[in-house]
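> Just need the whole structure built from these sequences, with the hints factored in.
If you read the sequences in order, they're chains F and H. When we follow this note's numbering, the leftmost residue of the first sequence carries the number 1, and every step to the right adds one. When we follow this note's numbering, the leftmost residue of the second sequence carries the number 1, and every step to the right adds one.
If you are wondering where the hints come from, they were derived from the structure by calculation, not from laboratory data. Here a beta-carbon is modelled for each residue, glycine too, at the ideal position from N, C-alpha and C. Among the hints, erroneous ones may be present.
As the list claims (entries may be wrong) - Residues on chain F that point at chain H, a partial pick, calculated with CB under 10 Å:
hint	residue
1	Ala309
2	Asp326
3	Glu422
4	Glu430
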Amino acid sequence: MYEKDTIISPISSVSGASVSLIRLSGISAIQTVNRFFSSVNLEKAEGGKFYFGKLIAENNQVIDEVIVYIFRAPKSYTGENIVEISCHSNVFIIEEILQLFIQNGCRTAKPGEFTQRAFLNGKMDLTQAEAVADIISSKSKAGVKNSLLFLEGGLSKKIKELKKDIIDLASLLELGLDFSEENLEIVSNDEVINKLNILLDEINTLIKSFSNSRDFQKGIEVLLVGEPNVGKSSLMNALLEKDRVIVSHIPGTTRDIIHEDIILEDTLVRFIDTAGIRITDDHIEASGVDRVKKLIDKVDIVLALFDLAEGISIENKELLNRLIKDKGEDVIIIGNKIDKKIKKETIDFINSFSNNKILVSAKLSENINQLRSAISFHIKREIQNEPDELILTNKRHHNILLEIKEKIITTRDSFSHNPGHEFIAADLREIINKLSEITGEITTDDILNNIFSSFCIGK
Amino acid sequence: MHFDIAIVGGGHAGIEAAVISAKRGFKTALISLDKNKIGLMSCNPAIGGLAKGQLVREIDALGGVMGKIIDEAGIHFKMLNTSKGPAVQSPRAQADRSFYAQVAQKHIAAHNNIKVIEDMAVEILVEKNSAVGLVLLNNKKLFADRVVLTAGTFLNGVIHVGTHNLKAGRAGDLPSVGITESLQRYGFKSGRLKTGTPPRIHKDSLDYTKLEIQKPDDVPQPFSYSTDGINRAQVNCFITYTNEETHNILRTGFDRSPMFTGRIKGMGPRYCPSIEDKIDRFADKNRHQLFLEPEGYNSDEIYVNGFSTSLPGEVQEKAIKKVPGLENAEILRLGYAVDYDFFPPDQLVNTLETKKIKNLYFAGQINGTSGYEEAAAQGLMAGLNATLSLQNESPFILKRSEAYIGVLIDDLINKIHAEPYRMFTSRAEFRLLLRQDNADLRLMDYAKKFGVLDEKAEQKLVLRRNHIQKITDSVLPKKIDPTRFNMFGKDLQSSLLKQTVTIEELLRRPELRLQELLDRLEIKNDFIKSSILDVEYSVKYKGYLERQEALIKKFNKMEEKRIPENLDFLSIESLSAEAREKLNKIKPKSLGQASRISGVRHSDLSILMIYIEKYLREKVSRETV
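Laid out in structure tokens, this is it:
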């Protein structure tokens, strides 16, 4: 609905172009962007002009160098304050920018919402009204259609199940409130907490399946692990040589994790090097190990790099065993330095695994193409290309699910001060309303209907 | 004969409509077949209950009489859900059935400007699409500027017991024939609904040793804000349970059940099913609870609440005798089902005036509701709006965020109802704010504005507000020293206090109550109990209440987006086909109302908003040309 909040969305297609445009519209658009913009004070900047600078995240990491265009209300497309950010066309960067502003009070725009605001703010001719309505109608139909199609693989079923589970829980609570004279068993606090925890698990699975199914086409992440001096940087350079490097993050300290992005098979691939962190070393900082463990969980492919010219330590053997246990076929084992004298024990060890194995010389760029095809093979398996529209629709769904997750956690935790079930029921109602933003329908009588069909009510 | 307002029917809706109209100074006619049956409780002899209790308190705060009548005629008062928070507590009372009717008639008689006419209305008189009066029996005419129809279950009522049926409005009373047909001629749609009632048994035929006792509250709490206290003797109710034997006998009558054999066409309420329905739908439940409710001090009748049935008489009798405590039960009156005409309430606007005929209002069971309280609330609102329209004043519409009455009427006119509508607390999205104990704070200002607030109630309201203010301003900010608190904190299961805090901060601890703190801290006061509770609630649940307030703001924004009356929904192609049809049928007045119509989706609302804007601009440009 039309509220005066600030909305955000990419307004150019992601694939292909070298530059992408993200638009924020709403009363706090300028102020919000300004908080993360490095050069001029945008709040005082003149409208109708563009400014060059860096977008810096809350952890002081530079997200991208960008050009921002400022339009002050009412002289803008929507008639509200607008900021358009022109950034490098890289889904990771776009994603990071969107997330930054969403976490700072913006909301993902609904289909046709910029145009709708433009009309409502008097920026459009009367005769265009029908056109606007048609846009909303068709986009939301397409959205529903696309998302249903897209969600068919079990997700749409899960969303429906989730809604049913929440309504069931709300019904149990309402039963105790509205029908307490009926001699029915009343749900206990522990039961409610238990059910909320089950819901939380379901939501987490759903959120995970969203990212697994690449609803916003986030690309592929590849992690390089191996001892120092095994040739990680040389391998990176060899891989990146032929491909245009889009962004290079220069590490501030050796503890940082370095990443570089290239395009392979029309897909964005982010190579992540664990840089200075040795994961087999007992003396390193615990936080470093933690970060690497998390990374291993998160990434799509792990390249485990070994020096063929060296022997293989017990720690390294353990490392690979663990990795393959966790990631299975997603681990590609690379033996580096075929240009040197190869140790038999090392190659025998590598050969004892059924995983994809490639022997290369990073230094001489030998067999690097073979490695590329191995990575490409993984990419093809992981990604199906989807139309651009889906990025927006499902991103919105994803955000709604994240909000619901937060709400369930606060609801569950509120039991510590034991509020009555009428308060928990109010929380659940908000959650059901949120969920109806995904399904598109507005439902009000679900809970009572559910009670009447499941319980013997009535004196 | 010419009246300002004519009210058809002397049930709970008709009484409120008549009294409010008279209180506001209008010449009122109340048409009833039998003046001794005005205010008769046709079904169970009780007022209030969960959510319904809130309705009665609201009716009282708005100048209605139901609360006052039950306070005089109640014989078993009980506050329900006392183990839960104040937002879901509700008062309920058993009434002395015949005394209740007498008190109701006394309230009618107290107004000189109400004339009770013993007759039957057979037709609504209409001129130029406006109601101008009624045709009574023998073609007598009664003229009135406004007509409120509260015919209850009497319109073409048919009573069913087993395979027998009989045209009647209620056991022993004639049905009302003619009105439905006269309205159908003006294009009104009507439907059939069904309700039922259980057998009544003789109180001396019960074996009380086998029954559980249900005691009333030690201190009965009145419904009306004007009642100081209730001193009448209170009686007990009793509880027993059906068993498999009862169920088996009942099943032998299923082949003659008017419900199962399809002779009753109307849909019955799922929340108030007949006993045969319960054992049919929930076959795995081997017993059902029955409440045995006395019908009055001097009545021999016991109402078997929970045993509503329309099975053949001999089956009822055999089955009930298998229930513990009822082995020798003497049935005084058999249970029966009644089906009757109703007018789907999407034919009304939110003042309860009909869309088709001006100056004609519908209230109560003919709108497809069930329950005395729901009926009374509608009667009050229809009566009030009829008088306001006579004065050319703007209508009185309660918001969903203000009162259960607002929820009731909004639900009635916007939703599709397949069964009689009953109020539940869960229907009110702002339930946490709509408490039975704060109906006065929420609504009495309206009653004052309309000149229907009793002097006594007004004085109490002023005092109550004054005390709330005092507690908030002078008690809550008081600083409490840890040593002082720790002397008694442990007794209240509260952990040690380490630093000085205010009473407000202390009150956030779930285990602490304001009254208790006032006593322990020896803070002298004469605060009204309800004011103390009110402040306590606002402090303890501040977070939740603020969230509800925020939701209300958002909600009201949508309510304020008016939809122009002439907007042609059918011409808006971008709307989904379902939304187009539903919107056209209900013709919502605001975007908020549109959002509550079943079948309207989020995208439809966005499109609607654009068309509203377009319509308004076209209008402006037409006017400036």
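> All hints are to be evaluated individually against the structure, with a verdict given for each.
Do the hints match the structure? See the list:
1. Ala309: With a minimum Cβ separation of about 64 Å from chain H (threshold 10 Å), the hint on Ala309 (chain F) is violated.
2. Asp326: With Cβ-Cβ at 42 Å, over 10 Å, it is violated.
3. Glu422: With a minimum Cβ separation of about 5 Å from chain H (threshold 10 Å), the hint on Glu422 (chain F) holds.
4. Glu430: holds, 8 Å
Against the hints set out earlier in the document, violations occur for numbers 1 and 2.
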